[in-house]
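Novice: Listed below are the residues making up each chain.
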Amino acid sequence: MKTILQTKGLCKTYVVNKRQNNVLRNIDLTVKEGEMVAVMGPSGSGKSTLLYCVSGMDRVTSGEVDFDGRDITKLSDKELSKIRLDKMGFIFQQMYMMKNLTILDNIILPAVRSGKITESRAQTAQRGRTLMRRLGIDDTADNDINEVSGGQLQRACICRSMINEPEMIFADEPTGALNRSSSDEVMNELLSLNRDGTTVMCVTHDPKVASKCSRVIYIVDGGIMGELELGTFDGTPATLREREKSLSGWLMEQGW
Amino acid sequence: MFLRILKKDLKRKKTMNIILLIFVTLSAMFMSSSVNNIISVATGIDYYFEKAGLKDYFYISRYNNGTNYAEERLKSISSYKEYKKEDSVMFTSDDLSHGGKKLIDSSRSSLLMPVDNAQIKYFDSENNEITSVPEGKAYITSMLPNDAGLREGDRICVDILGTKIEFEYIGKAKDAFLGSGFVNNPRILINRSDYDKFLENKQIYDSKRAAVFYIQTDDTASLQEDMSGISGIYFEGDIGMIKTTYIMDTLVAAIFLVVSFGLIIVSLVVLRFTIGFTITEEFREIGVMKALGLPNGDIRRLYLIKYAGIAAAGSLTGFILGIPFGNMMIKQSEKNMVLDRENIVPIGLACSALVVVIILVFCYRSTAKIKKLSPIDAVRDGQTGERFSKGSKLVLGKSRLGLRGFLGANDILSAPRHYGIITLVFTICILLVMILATTANTLKSDSLIYLFGVTESDVFLSDTATVFDVMAGVKTSEEADTEIEDILRENGMPASVHHELWYRLPVITDKRETTVVFLKCSKTKTTDYTYTEGTAPAAKDEIAVTDSIAEEIGADIGDKVKININGNIREYMITAKFESMNNLGKAARLHEDVEIPDSLISSSFHAQIDFDDHPDDDEIAKRIEKLKDIFDTSEVFDKGGFVDDCTGVGSTIADVKNLVLIISIMIIIMISILMERSFITKEKPQIALLKAIGFENRDIYIYHTVRFALTVAAAAIIAALVCIPMTKLTMDPVFRIMGATKSIKYELKYAEIFGFYQVIIICSTIIAAFMTSLYTVKIKAQDTASIE
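As they're listed, the protein sequences go chains A and B. In this text, residue positions in the first sequence follow my numbering: the first is 1, and each later residue adds one. In this text, residue positions in the second sequence follow my numbering: the first is 1, and each later residue adds one.
Treat the hints with caution; some may be incorrect.
Said to hold, decoys possible - If we take Cβ atoms under 8 angstroms as the criterion, some of the chain A residues that face chain B in the derived model are:
#: 1; residue: Y52
#: 2; residue: A238
#: 3; residue: L240
What the hints assert, rightly or not - In silico DSS-like cross-links for lysine-lysine, where the CA-CA straight-line distance does not exceed 25 angstroms:
#: 4; chain 1: B; residue 1: K560; chain 2: A; residue 2: K116
#: 5; chain 1: A; residue 1: K82; chain 2: B; residue 2: K780
#: 6; chain 1: A; residue 1: K78; chain 2: B; residue 2: K101
#: 7; chain 1: B; residue 1: K684; chain 2: A; residue 2: K99
Since the hints were made in silico from the structure, they are not lab data. The structure displayed is predicted, hence computed values, not measured ones. Ideal Cβ placement from N, Cα and C applies to all residues, glycine included.
Full structure from sequences and hints, please.
Specialist: This is the structure in structure tokens:
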């Protein structure tokens, strides 16, 4: 399978009050097309920073980040914006949306800005509605963002991340602010997207969420401590229990 | 613990707190300076007259063969309590020179007087009373020093009938009686010994002496009756009339009143907005505190203490800044007046305290919402699903707007109150400029010419000396006109010339006898003038009067009055009424065929020149320049210039307009910067989100700038729509006092009013908002991870 994301010697350092804080140290990571990778680790280990660096939202201190064949560390802000808009999708723990737009308008906003897919606005809106229907939230299309539940909002965020048909979705604790049932729904949607061919990289604290991914990366103090290959999840409860058990054991070994 | 929370809050929300502090400072500054100015202006003329010691009635009368008939009459009547007399020597602008050149061209008659005989108080530019003038030095009153560009230390030469003395100009003096912008008759205040040197010249002693009488009386009507029909009187009027001569100065002051009220409204609106805005920001924290179990009263007290602290600091700073700002604003009004500025500190402090109270009231009311807020607000950012109003107003999928325009327009429509307030503030600022520009243009345009009792002519030439010659019997008015016609013909510009002459004639009705200023021109017809009621006088025994004169003599159209012309008393019927800004609305018109000796002429307007070949405006402009050379005067005008010369404040108002334009632009820029900065702080998560999903910095700049561009464009449209009614509403009363009883036609220069100023203000707003939006570059996509 083709490599979609690869980092070489990725380092990220913050300087706070003249003190150097090495958040990421020499990260070498490869993600293949169609993979669903979970990034785990204790708080402050650098999980989110890694996600933001590899997605071009944050600048690296040193090292390379190749996305879809281009070293994005060498790109300008404008070029990075274009890549994020057209080729990446983002889901955050806090379900950020534009307050003055309806759910549907929030979803189609990146598509209208991008123009990647040649279509009229009405067609874009129709595509947005189709996505919402697929995620079971089409009845909230004309609602404002404060009129829906957290689970619905996060699914709307998934729709937004999908609207430009990205090659890879980056999710930062996508279920962190949700209850268990909403969390399951959201993860099932991500799994479904992944099954359809979209690469997913997901930062999580939740072993149950990570166990649904094909690979788990464990980070401690800015460095990759270990990787666990779980394989593709078939969606059955029995397999899930098996994968959870396997992951828990591995995490214990890593010092979780 | 409260103090600790407060300290943390002030530190953490530094930007919003600083913005609030700046707004409070601006509000206190506008409020304290504006209230002070309003009080100064409202009490201005009364305060000035009282300080100068003006009496109830005034005459200026010249000596005839050593006798002053006005004084003779005063000695024989009893309708007054006392009178004071100031002896003076009359001169014209032709008698003044500076560096060998004529100092100024002016049609105003002027007086030279020794300061030791001053019967009223004169003040220097620092508002100190002038009690003495050293020998060889001189103060000058009225607008002359400004118009002539005199600077302290300049040498001016006064040469009257061969007696020539050079004086050092030591400053402008304020003269309550003749120094107003409308009267604008200069007086030169000199030392007694210098004055006596002029009187040693027999010609001056015999023909140039005049006296100003300040009379104290309770019965003006009887005094007028007792004093009617005296020859040699140049001017008479009561204190009410003198007050109205300050209309042009008051006009400037009144404009500052309008500006001040505008600024107070702006400051209150901005304060209310900012407090509401910042408290909304606190909802999240309030929710958390409630969730932790803090009682409502404690939470409310916390915010009240915080806002009280900011209000106190801002108000104090605003009070201090308000003093120089107020002085700068009032300076134009103080040019010819002494205004009451003694209480600016206590009034300023009171206003600043009021700002603190207003803020606390706003704050108390805004924090009342705390009771209604629940812990869920901590989660839902101040909005619960139940009370949530529809946010989005436009639908992106259906909109034809560009994305950034859509986002901007949708934000405005989604928060109509916020943007409505900004629009209101912008509208007020734009309107102030538009009203002033329209007023200044009107006062400089020929659309007011009908209000000055003259017919429209190609050129107006000021020739005071000729009028003096006619009054002194050196030549007849016919000869004076012919002289000018001959000069014009010799220079290849054949034209007919006429003067609109003024006569002060006693009018006798059943009720009283009074002196009225009549206008008459033997070369025009009464039908050439504009009347508001009735029909133009068609026969020798018919007259037209202004509303003011009709009221004064107690007569109306159809009534008959007796007029004493050179001892010949005849009955005349009032057939029409007209508007006039001559003599502040106190005027009448005689039929052109009425015969009156030139000796009764009391004054005249400029010589009116109508070229035989009816040239166009460009040619007239060229000829005006030629005439300035031919007659060695700069006082040659077209119709608009004539109106400007008569009112004398068009330029002052234009200066005020420029000042207000600068203030308005500064306010608009500051509001744009502070509001945009507030929006950036409040919308940080949304900006970070947009960047995260792939929006470029440029998209954010444009999106944020569009909101202000649309807001200021809306303000410009509203201002354009209400410009005329608002100008009429604010300026008609002022013109009414000047004698324009009907609504006047304002001179609208569309390109200037709706183009130039609007473009300047819109561009200023857009540039300010855009420059501030550049700050969003500091918000990064990864900030989505660190936003609270």
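Novice: Hints first: check each against the structure and report whether it holds.
Specialist: Status of each hint after checking the structure:
no.: 1; hint: Y52; result: 4 angstroms, holds
no.: 2; hint: A238; result: 36 angstroms, violated
no.: 3; hint: L240; result: 29 angstroms, violated
no.: 4; hint: B:K560 - A:K116; result: 90 angstroms, violated
no.: 5; hint: A:K82 - B:K780; result: 15 angstroms, holds
no.: 6; hint: A:K78 - B:K101; result: 69 angstroms, violated
no.: 7; hint: B:K684 - A:K99; result: 12 angstroms, holds
Taken one by one, the earlier hints fail for this structure at numbers 2, 3, 4, 6, listed in ascending order.
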